[in-house]
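Number of protein chains: 2
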Amino acid sequence: MYFPSWLSQLYRGLSRPIRRTTQPIWGSLYRSLLQSSQRRIPEFSSFVVRTNTCGELRSSHLGQEVTLCGWIQYRRQNTFLVLRDFDGLVQVIIPQDESAASVKKILCEAPVESVVQVSGTVISRPAGQENPKTEALRLQYRYLDLRSFQMQYNLRLRSQMVMKMREYLCNLHGFVDIETPTLFKRTPGGAKEFLVPSREPGKFYSLPQSPQQFKQLLMVGGLDRYFQVARCYRDEGSRPDRQPEFTQIDIEMSFVDQTGIQSLIEGLLQYSWPNDKDPVVVPFPTMTFAEVLATYGTDKPDTRFGMKIIDISDVFRNTEIGFLQDALSKPHGTVKAICIPEGAKYLKRKDIESIRNFAADHFNQCSLLGKLRLECADLLETRGVVLRDPTLFSFLWVVDFPLFLPKEENPRELESAHHPFTAPHPSDIHLLYTEPKKARSQHYDLVLNGNEIGGGSIRIHNAELQRYILATLLKEDVKMLSHLLQALDYGAPPHGGIALGLDRLICLVTGSPSIRDVIAFPKSFRGHDLMSNTPDSVPPEELKPYHIRVSKPTDSKAERAH
Amino acid sequence: MYFPSWLSQLYRGLSRPIRRTTQPIWGSLYRSLLQSSQRRIPEFSSFVVRTNTCGELRSSHLGQEVTLCGWIQYRRQNTFLVLRDFDGLVQVIIPQDESAASVKKILCEAPVESVVQVSGTVISRPAGQENPKTEALRLQYRYLDLRSFQMQYNLRLRSQMVMKMREYLCNLHGFVDIETPTLFKRTPGGAKEFLVPSREPGKFYSLPQSPQQFKQLLMVGGLDRYFQVARCYRDEGSRPDRQPEFTQIDIEMSFVDQTGIQSLIEGLLQYSWPNDKDPVVVPFPTMTFAEVLATYGTDKPDTRFGMKIIDISDVFRNTEIGFLQDALSKPHGTVKAICIPEGAKYLKRKDIESIRNFAADHFNQCSLLGKLRLECADLLETRGVVLRDPTLFSFLWVVDFPLFLPKEENPRELESAHHPFTAPHPSDIHLLYTEPKKARSQHYDLVLNGNEIGGGSIRIHNAELQRYILATLLKEDVKMLSHLLQALDYGAPPHGGIALGLDRLICLVTGSPSIRDVIAFPKSFRGHDLMSNTPDSVPPEELKPYHIRVSKPTDSKAERAH
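Protein chains in written order, with this note's numbering: chain G, 64 to 625; chain D, 64 to 625.
If you're looking for bench data, these hints aren't it; they were derived computationally from the structure. Be careful, since some hints might not be right.
Since the list gives no way to pick one copy over another, a pair counts as held whenever it fits inside one copy or between any two copies.
[As the list claims (entries may be wrong)] When the alpha-carbon atoms are kept at most 20 Å apart in a straight line, the in silico EDC-like pairs for lysine to aspartate or glutamate are as follows:
no.	residue 1	residue 2
1	Lys363	Glu476
2	Lys266	Glu605
3	Lys167	Glu478
4	Lys227	Asp240
5	Lys500	Glu471
6	Lys167	Asp463
7	Lys255	Glu605
8	Lys500	Glu515
9	Lys607	Glu299
10	Lys538	Glu527
11	Lys255	Glu604
12	Lys615	Glu263
13	Lys607	Asp463
14	Lys542	Glu605
15	Lys340	Asp452
16	Lys615	Glu605
17	Lys615	Glu604
18	Lys500	Asp424
19	Lys538	Glu263
20	Lys266	Glu604
21	Lys255	Glu471
22	Lys266	Glu230
23	Lys542	Asp599
Modelling step: build the complete structure from the supplied sequences, incorporating the hints.
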């Protein structure tokens, strides 16, 4: 018996298929609501023949004999069926051996939605199975998953929250909702951009990662205050919890400074925040990039809990402990500590061991202390301490990022820390001509509970400065951006903006484990739509108008051999 | 001297570039507003040295000597410059012959925004010129064009109207705003769909023409009332006044019938209609497909004026006029007439001649009478009769379309008149099994002033019926739609919906000559972004991850030769 534990959480409150259902299960929806607010699972299997509910099975049940009761949701090729009860789904392997022929006959012939009782041993999904992801079934039958209480709640909350944002921007603050193209030009080095072949041989559109250029051009065009709930595209192959298409609340304003954008966003979130959550308190605290790194060891700290990093170098100035002496004798050498409150009470010997190992594994990575802080928080929480209250929303502005970073492949060259249109910090403009590496930017990030949920900047509106940064400092080919530079030449107002990642924000607000739970039809890890089998092959004659041919990997190997 | 007459209309009220401008031109914005409301062009060239304004030149000026005054907007390769005044733009060819060397020197060296006076002969743009479209310059400098009064008005009106639509749907009627994917599966025979290569060899996404499948799946998923301001894609090469990406107000409802959708849309348009226009009167009149064809000779009639088609066969039953006798003796032979009110007064001999020629040119086309009606209206309007009041908005529902049409390439086979998910008319279901060609559908179109601005239908929610229509009647490969059929199997509520073409609607509301005037960054006729030079070539190494190669047209010729 497989158990898609992912499924179990969100299939609560499955609606009633109209065919052959023996009794409605709406009642369970309210029970599961109650259940989640009580945070304690009642004994749903007392007094009855079943030992467990379908949604209850976890890895701790592996190897146990269990009895489940429910409806046949689905059957595939007479090899397995999916059993559903009010609480979740479980995959049941249909026995194939001769001795179980009668059981097999019953299970294979019973109509879908028949009620059955199944006894068997809980196993984990066999390795190399065709559909290795427990989430795959949810995505394949997304139209059924959408009936669940949780998906209905998530999508309706998303719609309402976006509607409130629009009211705030459009009706209260005079923003203009403007749609920008998604068939656009490749950006220089835009290796993460999907391509769209055109009917002109060798010419391609590209699906942009954001409307950045367009929103700046709108400011040049005098639109003054722009926003868009913008579909964006990024081809990152199979990075977990990323989607090839995603949505951002995209904003740009003329004649604004950093504090203006910050106040706008604080008001936006306060106004649009769901009524069933604690209200958002504004203004949000602000820390500089240097401060967050020193205090939390990351630029997106979870500020719901303390355990800050403390510099205790002074305590050890005259120490005789060898490795501390060593560390302090190096340039910029420091000794830092994290205090774990009541750590001695909660952490066991093996926890300390795992912390030690974790530190050894990440030795010499500057983000070690930030990771260690989260690792310790994980450990404390497994021991029952509530550090990160899921009902708490802790916002933080991070400002004064560096404008440039050394290029990874060639550290003597510079690349933009964010993008090349970011304005330098007003106090650091002179550094551009002397020590550009030290220049700070007017970029700002919005962080919520340890997640970056937005970022933006005041932009460069002076064409000369933009040309200097692109051509002289970044050594970019300015030809591809000549339209933008020319636009700045024609008189651009001072302007700035921000983009909020809507999927991530809604995911945090609803407390969902994945952004796939706040998107109606998400792609799987590997960018597939499992419901419709997308992407799919295309007959060669449909490729012809686009003047492209498929070159199989073997072809390109052959090419390399040439 | 070239004259982009398109430009002249919308460059009125150009804002002031900040460099080297001798005086602000804001004043002209209000003058041009005044001008448009008076509908009579004042004598802007009286008392001064110029003979014409830049925006005034039309084909009637060809060959004339004119003198223009204005600012140098732009200069290209010392071959031409663009001259701007308050009223519009004109291209000026810089003389290249020796005798005009001093003029050339002045024109090539004067800084942009210098004020000049130019005399010359008006010519039309030479054939084979690099930028043959007069609109090209507006699109190339879109960020300047956006500063014009008209573009600001159009984009702000669009934003406000869409916001009101959202309020009506979301806040007043409980619709859920749900984003559906744009990276989806190719639809069978979807030759107008852009392809997006994926990182899996030979596998492609496709950009859908509408969220049709998704919105039906949302109904199966119990979302009940869905809407989306949806970006859609259609690759139609270079059809005029179409855009490769466009926007529709996409709506779907469960447990609804045709009249329910109609009332919803009437309320939606009434609620969102701009305050500066006459209010929308509801309900809209409804005509059947058969009626509109008989009365107006088209399924999208302009009902702002009469001149209906009248069957006068009875008058001629006993005629002795040969060609009428001939016509009436044929099966379904009729004699039809259009009465042109005061035609004798307004139409001249050459008008009658042109009507006769038009009829001869379109002889034997069943849409002839509809076209003739519009042709007569055009003629009357050039003679000063106001038939189609631009401030009047005349809506019409057209219903009872046929469900199927004979396939063009093989008239014995059927294809869907709209799409295969359209439900048959309840009275005609029996015809599906006997005479499917005669079955009417539950499709409806919304027509405004002779333009189709929306269409929708009640959908098939019964899987058996859907399978029968797809497989038996349409001979489609149902495998590509198996997810949709399976979803219907799992219990779909009766449902229906509609999509309004937002670009076209806003175009009509604002009285714009082209949908490009209501889109911030439209593509040109040929699908190009002239500002950024899109689509563009891509280095071969960026094609590799997508396993495609460009096959130049010569390659495919070579292939065919094999």
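Checked hints:
For a Cα distance limit of 20 Å, the shortest separation of Lys363 from Glu476 qualifies neither inside one copy, at 26 Å, nor across copies, at 62 Å. In this assembly of identical chains, the alpha carbons of Lys266 and Glu605 lie at most 20 Å apart whether taken from the same copy (17 Å) or from different copies (13 Å). Neither within a single protomer nor between protomers do Lys167 and Glu478 lie at most 20 Å apart by alpha-carbon distance, with minima of 63 Å and 43 Å respectively. When the C-alpha separation of Lys227 and Asp240 is checked against a cutoff of 20 Å, the pair qualifies both within a copy, at 14 Å, and between copies, at 12 Å.
Taking the shortest alpha-carbon separations for Lys500 and Glu471, only the intra-copy value of 14 Å comes in at or below 20 Å, while the best inter-copy value is 67 Å. In this homomeric assembly, Lys167 and Asp463 never come within 20 Å of each other (Cα to Cα): the closest approach is 66 Å inside a single copy and 51 Å across copies. Within a single copy, Lys255 and Glu605 get their C-alpha atoms only as close as 25 Å, which misses the 20 Å cut-off; across copies the closest is 10 Å, which meets it. Taking the shortest alpha-carbon separations for Lys500 and Glu515, neither the intra-copy value of 24 Å nor the inter-copy value of 58 Å comes in at or below 20 Å.
Taking CA atoms no more than 20 Å apart as the test, Lys607 paired with Glu299 passes between copies only; the shortest distance there is 15 Å, against 27 Å inside one copy. In this assembly of identical chains, the alpha carbons of Lys538 and Glu527 lie at most 20 Å apart only when taken from the same copy (15 Å versus 63 Å across copies). With identical chains, the CA atoms of Lys255 and Glu604 are at most 20 Å apart between copies only, with a shortest distance of 13 Å across copies and 28 Å within one. Taking the shortest Cα distances, Lys615 and Glu263 sit within 20 Å of each other only across copies (9 Å), while inside one copy they are farther apart (23 Å).
Proximity of Lys607 and Asp463 under a CA criterion of 20 Å is satisfied in neither setting, with 51 Å inside one chain copy and 38 Å between copies. Taking identical chains as interchangeable, the C-alpha atoms of Lys542 and Glu605 lie at most 20 Å apart only when they sit on different chains, with a minimum of 19 Å there against 33 Å within one chain. For the identical chains of this complex, Lys340 and Asp452 are intra-copy neighbours only, at 13 Å inside a copy versus 53 Å across copies, given an alpha-carbon limit of 20 Å. Within a single copy, Lys615 and Glu605 get their C-alpha atoms as close as 17 Å, and across copies as close as 15 Å, so both meet the 20 Å cut-off.
Proximity of Lys615 to Glu604 under the C-alpha cut-off of 20 Å is found in both arrangements, the shortest distances being 17 Å within a copy and 15 Å between copies. For the homomeric pair Lys500 and Asp424, neither the shortest alpha-carbon distance inside one copy (30 Å) nor that between copies (73 Å) is at most 20 Å. Taking identical chains as interchangeable, the C-alpha atoms of Lys538 and Glu263 are never at most 20 Å apart, the minima being 30 Å within one chain and 33 Å between chains. In the homo-oligomer, the alpha carbons of Lys266 and Glu604 lie at most 20 Å apart both inside one protomer (18 Å) and across protomers (14 Å), since each shortest distance falls under that limit.
In this homomeric assembly, Lys255 and Glu471 come within 20 Å of each other (Cα to Cα) only inside a single copy, at 17 Å, whereas the closest approach across copies is 42 Å. Within a single copy, Lys266 and Glu230 get their C-alpha atoms no closer than 40 Å, and across copies no closer than 41 Å, so neither meets the 20 Å cut-off. With identical chains, the CA atoms of Lys542 and Asp599 are at most 20 Å apart between copies only, with a shortest distance of 13 Å across copies and 36 Å within one.
Of the numbered hints stated above, those contradicted by the structure are hints 1, 3, 6, 8, 13, 18, 19 and 22, listed in ascending order.
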